[in-house]
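**Q** In case you want the letters, here they are:
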Amino acid sequence: DAKTTQPPSMDCAEGRAANLPCNHSTISGNEYVYWYRQIHSQGPQYIIHGLKNNETNEMASLIITEDRKSSTLILPHATLRDTAVYYCIVRPVYNQGGKLIFGQGTELSVKP
Amino acid sequence: GAVVSQHPSWVICKSGTSVKIECRSLDFQATTMFWYRQFPKQSLMLMATSNEGSKATYEQGVEKDKFLINHASLTLSTLTVTSAHPEDSSFYICSAQDNSGGGTDTQYFGPGTRLTVL
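Which chain is which? The protein sequence lines are A and B, in order. Our numbering numbers the first residue of the first sequence as 1 and each following residue consecutively. Our numbering numbers the first residue of the second sequence as 1001 and each following residue consecutively.
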């Protein structure tokens, strides 16, 4: 499975956009990019995923570069409740899906 | 969105006893579920893949006789920690894979179970 690289921590002001980068330079054509977040002492929460096109949902936007070697998760208006560890994971998709291998993620602190 | 529950949310037990943790997909069927363990200040570590109606597949280094997994239905998987010891104290989290459509098989996670072994 391809590995990802994320900064260990980031700060963001409340109300501003949070842009979380992820490098996945060895991603292959059949691997999706998934983003999850984990608020302290809770299970991870699914945010968004994509293959090669940019994606948007009610939680966030996912921007994937044309060469697919990196992506950015955008939280358009961060709130204090968005403080969490954010995980970028690449995952092969077969008939029954693939395992999720978690790295260390980015600890996002949203400050007032 | 898809909901996964775990029971109990926390448990305290004596050393040497066994503890069972349940994982349920509430609004979708899951032929595949996964069990993770997380120690303080660390990331999630995959323990095993649970497939409905068949034996679980364990990750390297995870003792299958100590961590018994049963996936008897499309909405329920159980993890039993047998003869628990203090070093088994951890946060156990399950996920269930939604194969219902879209082709991307997104995994949804339960809220986790905190196990403390005295």
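Hints are supplied without guarantee of correctness; some may be wrong.
With a straight-line Cα cutoff of 16 Å, these simulated EDC-like cross-link-like pairs (lysine to aspartate or glutamate) come out [said to hold, decoys possible]:
1. B:1041 <-> A:107
2. A:99 <-> B:1059
3. B:1066 <-> B:1087
Covered, in the sense of this in silico footprint (three residues per stretch, anywhere, with C-beta under 8 Å from a C-beta of chain A), are these stretches of chain B [stated by the list, open to error]:
4. 1075–1088
5. 1107–1114
Everything labelled a hint here was simulated from the structure, so no lab data went into it. All figures in this text were calculated on a predicted structure; none of them were measured in a lab. No residue lacks a Cβ here, since even glycine has one placed at the ideal position from N, Cα and C.
**Q** Provide an ascending list of the numbers of those earlier hints which the structure does not satisfy.
**A** Violated hint: only 4; rest satisfied.
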